[in-house]
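There are 2 protein chains.
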Amino acid sequence: MMRCLSLASALTLAVTASAGLASPALAADGHGGMASKASDAHAPLFASEMERAREFVDGMMAGGVVVPQPKDPGGGYTHEQHKRNFRAIYQGGQLFEITGDERYRDYVRDVLLEYADLYPTLGEHPAKANQYSGRIFWQVLNDAMWLVHAVQGYGNIRDTLSDAERQKIDDQVFRPAAHFLSVESVETFDRIHNHATWATAGVGMTGYLLGDEDMVERALFGSDKSGEAGFIRQTEQLFSPDGYYTEGPYYQRFALLPFLVFGNAIEKNDPGRAIFEHRDGILLKALRTTIQLSYRGYFFPFNDAIRDKSLRTVELYEGIAIAYAQTRDPALLSVADFQGRTVLTPDGALVARDLAAGKAEPFPFRSLLLTDGPEGDQGAVAVLRQGEANAEGEPATVLIAKNSSQGMGHGHFDKLAWQMYDNGNEIVRDYGAARFLNIEAKRGGRYLPENTSWAKSSVAHNALVVDETSHFDGNGKYADKYWPTQTYFSDAEGLQVSSGMIDSAYPGVSMKRTLVMPSIPGLEEPLVIDLVHASSDASHQYDLPLHYSGHIMEYDFEAERFVEGRPVLGSDNGYQHIWVDAQGALDDGKGALTWILDGQFYTYRFAANGPVTAILGESGANDPEFNLRREPMIILRARRDGEVAFASLVETHGSYDGAAEQTLDSRSLVADLTHKRVGQMDIVQLTLKSGQRYAVAISYNPDPDATHSAQIDGETISWDGYAGVIALATEE
Amino acid sequence: MMRCLSLASALTLAVTASAGLASPALAADGHGGMASKASDAHAPLFASEMERAREFVDGMMAGGVVVPQPKDPGGGYTHEQHKRNFRAIYQGGQLFEITGDERYRDYVRDVLLEYADLYPTLGEHPAKANQYSGRIFWQVLNDAMWLVHAVQGYGNIRDTLSDAERQKIDDQVFRPAAHFLSVESVETFDRIHNHATWATAGVGMTGYLLGDEDMVERALFGSDKSGEAGFIRQTEQLFSPDGYYTEGPYYQRFALLPFLVFGNAIEKNDPGRAIFEHRDGILLKALRTTIQLSYRGYFFPFNDAIRDKSLRTVELYEGIAIAYAQTRDPALLSVADFQGRTVLTPDGALVARDLAAGKAEPFPFRSLLLTDGPEGDQGAVAVLRQGEANAEGEPATVLIAKNSSQGMGHGHFDKLAWQMYDNGNEIVRDYGAARFLNIEAKRGGRYLPENTSWAKSSVAHNALVVDETSHFDGNGKYADKYWPTQTYFSDAEGLQVSSGMIDSAYPGVSMKRTLVMPSIPGLEEPLVIDLVHASSDASHQYDLPLHYSGHIMEYDFEAERFVEGRPVLGSDNGYQHIWVDAQGALDDGKGALTWILDGQFYTYRFAANGPVTAILGESGANDPEFNLRREPMIILRARRDGEVAFASLVETHGSYDGAAEQTLDSRSLVADLTHKRVGQMDIVQLTLKSGQRYAVAISYNPDPDATHSAQIDGETISWDGYAGVIALATEE
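The listed protein sequences correspond, in order, to chains V and Y. The letter at position 332 of the first sequence is residue 332 when you use the numbering used here, and the numbering goes up by one with no holes. The letter at position 322 of the second sequence is residue 1054 when you use the numbering used here, and the numbering goes up by one with no holes.
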């Protein structure tokens, strides 16, 4: 069974074998075909992946076959052991496939034979939390993940088993597991939800392996095979036409694995279905979109995101390998290079080989608009990038305007919120989830109470808050029915723009936000102009928070400092978690705050349409278990009848170099910011300390050929299209 | 004048030329001798340095010769312009030396001719802050720095000038500047202080260049040439025999430049003096010691240190080049590699060439004891390293016991304090200085009021505080007269130990501290045991703070949480800056606190000899200008008549991997910690959750052959020497 090849021919074979072996669930009749047993016959990335797998599987083998009676919930012993087992079945099968070493085959077989004894005896899980109990695990989702992995490992050894062994494992593990997911758990199976994607993937791949057409059909088209549910429908409903997954990047990454792995199995077993071309290539588009939703490898953390999730995650190792094999897009190789990981499949071998051959090209990170919703009509996420690209092809600065829909239960109440990254750091922040994943001391690693009381609340975001309540009054079910409208988007160099509006977040209040990244001579990029309007027939209090990262250098307004005892800002809707450091009443509505982060200065400068109270605060009040991070914010508070308007500027300036003891432009280069409305148009005027003056004017008319003009302080300015930057007469 | 060489011969010549050109202040008669004019004839590090210098000097040349009338203090225009000028003279001279391009020569000459017109007209500086006024700058120190740099640039061009030019610059710039420093400013010149080192270096190098033996003698032996002052005396008085500079690593780095640059000039001009062998090679030893006082390139930030100072600093670019040329020690090349910089001297060319030739070897970071004081009898700094070394040869963990003397005006009141780094991070912290260097908004970049009120105070350190006052009552002049005794040090693998004591920090209170890094089977390294004793005839309150970095996971004691308003801990001596988050009275004196930092868990576990109050706090109260960083601490507070004892443990455990969603050992592996005194011996017992039990026993007898034994709970333990780790019977 084991073939000894020379190094050169092994590499050749690894590619030649690719077609025959590419569906892990449908093993060809040869094993050990990808290379000789010596891992040095592989490209470095693949070889190190083999080492890692050997270390893990050999360790499992040394511990013997351990298939315990299911007992514990997530994190407990039996839960973790069954997770280890499915990884060992999966990777053991791969190692057998690659090396032909029968020890791996025997181990995978023995584990599965143990499951064959156990599985038929299982009923509801003793630790089930609701009606959706798994068999091996406490919830159906984990059983589906088990099946997706185990069926692939089984596929690698099945044709080498005796008929009796094969029969026993087919009939006592995989058929009943597929039956459990697709028939007994039909409520989960037929949902349009990522849990159902895992289930259909497991069932469908089992169907392909066992040659059970009925199973495959149910996986593809739902339990009644009508196409109203099932995998194909999921590809049509769970992603927007731009490949955006409504829960946001953190969950998009998680959902991606079953989509791509099952997609790959469909492609290999049923190529006529052209699954990777389905819906304009949505599966591969979703993968690229996932990558676009990251900065320096880390996903934008909006909604219930764990902030340390990056492109270095197993879902994307699989995804990149599959997508590269489909497309040979050299940009995907640079993602694999960043990951430093791949998978033990022929696709992974191809990635490793082409990466070693120097074929990688930078990933084309760029500005883009990602519509939300199956039809692309439920709002959008706008991503504006600019600045010099680093070695990975990623520009220094990115601004994200979150004008998307709620995104179900993991959504946050942050309509029209935004974020900004620059110089490798998150400058205008999103808190992400209040959760310490898998850390027992923090409520078993589950979502913390502060996830609801702080992280989801509107005031925890860079979002306009009315009357100290959250959007949609913090009601998720209600929130799922409404979304903002993306009214304009432009990625034009030197004047990128995103506009959004929503009138359903608060009864009787209409809110609009326009974010502009203009190039202004004399000011460094990145520069962001933020225009927020809200109007209502009623009188309201409007709070506009900016959550920033850095240490305060100075602010230019008078404020009372609470140095011996900090009051708490409010009592509910997140306000109970805010300490007040300082508070100042600004009659003219104008002020500026400068902070430093990582050798770079930033100034937030604002001008409101009337008096505001500026509040410097910090998260962390009413946090009995020390669950919250303590992070600074500034809140602009205005009470208005009718309309409120906040114009503001986030200005990047100067630098601090501790090594060279050199500091440049530590103070803002802007002398003044003013904002005027002329009819329905907004005119923001900047006066630089150099005396140069500029207007940034917004017509809100998307017609690029329409010409607009306005009178400000006796000067007439004019521009074409939605927005313009106009140089004004220089001040004396 | 310009020689065109092939690439190969240029490299050869660069080395050959080294002897003749190595004294920048004594240029040989050839210029452009180091290489062809094409910078690509140089090794990459040197070539990029040339590019950097060209960019700077070309920019200066484009701006013309600008030598303004002195007017401004530090940071102001004339100050910065004269700084730029001395850099341009220095680097312009080097560029002329290397390339032979006469534009550089002409520019340096023209600038110096301008100074020749200006200098004789100068009197006291209009912005002088005290009696030590400079001429070009507001303080003497800056004038000395000007001379050290300018004389080197002048040395590179002097032999190419006309006699008239040379005479004018000699007589109207360098002679009067040397006279100003060594005669008019004799009080500074004759000090034993780093300011005097700059002055003697400038004067001595000027003496060598002008062939003025009298000037050289004064520089070497003081204004009266008695040897009571001057450079030689400074090398004997300012460093300890181990090459430790009493102000600490941050200032050691600063002091190093004139020591090594003038040392190098002495070596070249007066080789018989064997300056680099003087006092057992103290100058090169001081350089190596400076490097040892760093972690991941950053200097240990004790005393008034700016925390972002690293090995990447101009003083050490010069230092490494000079030391490498003297020693050819390949370990210094890896420091240059880390720096990514060198200097435009033959020594720098040699570093760049040997680095490019792959000759670098890891720097031997290790455990070591650095005595303080000219005779090595004023305390010490103990550095304990352990763990796997990274690519640069640096172990993962370092513990620093600061048992050194006060270190003059920049010293902090932190006797017997300690720090720990692990996994790339500072785990047990030192605040460093409260200062934003060169940032105008922060009081012009000067030391902030909080530097005195917080950063220097004892409670801001990991130091024992008696009755809420700082050591030596915060009196620096008084503090300079006393220091701890380093009573023991061992770098034995698996059981490293540092012990220190002091009885002068508080009247009538004797304090001892022993820090141990033992290897305990079943516990991950690094593990630190900290034993603090104090005794007094009077009743006192003892506070033991631990300033840590990370987010609280859990603590195992009852504590009142101040979630709606945090009290301030005290009113003076640093206590006014501490917010209280929680406070608990622990009758048995025992407790544990776990935090996470960067994927690593740490538990601080303590056992005191009686009740303590545990205070969880944070810096940042009473900070009206937002000058302080907000950082967590735990303070153990005990009131005692007679003796107080705190035994504690910092345990590194487990890991959190967000990418793999894998958490290991997030909870402490220790079940219990107890501490007993048996006569004068200390016995710390650890019970692990596995049931294993260990004793760490300290006899305080340095004789390695002495055998000790003690009875604890019916068990007899015995060990040899100062300390031992003893396995006890396993618990059921």
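Hints were generated in silico from the structure; no laboratory data involved. Don't take every hint at face value.
Stated by the list, open to error - Simulated DEER-style distance windows between Cβ atoms:
1) His551/V - Gly1316/Y: 26 to 34 Å
2) Ser539/V - Asp1319/Y: 53 to 61 Å
3) Val1046/Y - Pro362/V: 32 to 40 Å
4) Asp337/V - Pro1299/Y: 51 to 59 Å
5) Thr1184/Y - Gln711/V: 33 to 41 Å
6) Gly1316/Y - Asn390/V: 44 to 52 Å
Glycine is no exception: its CB is placed at the ideal position from the N, C-alpha and C atoms.
Now for the hints, and whether the structure bears them out:
Between histidine 551/V and glycine 1316/Y the beta carbon distance is about 31 Å. The supplied range of 26 to 34 Å therefore holds. With their beta carbons about 56 Å apart, serine 539/V and aspartate 1319/Y fall inside the hinted range of 53 to 61 Å. Against the hinted window of 32 to 40 Å, the Cβ-Cβ separation of valine 1046/Y and proline 362/V comes to about 34 Å, which satisfies the hint. Distance hint check for aspartate 337/V and proline 1299/Y: the Cβ-Cβ separation is about 53 Å, which falls inside the suggested range of 51 to 59 Å.
The beta-carbon spacing between threonine 1184/Y and glutamine 711/V, approximately 56 Å, falls outside the hinted interval of 33 to 41 Å. Between glycine 1316/Y and asparagine 390/V the beta carbon distance is about 48 Å. The supplied range of 44 to 52 Å therefore holds.
Violated hints amount to a single one, hint 5; each of the other numbered hints is respected by the structure.
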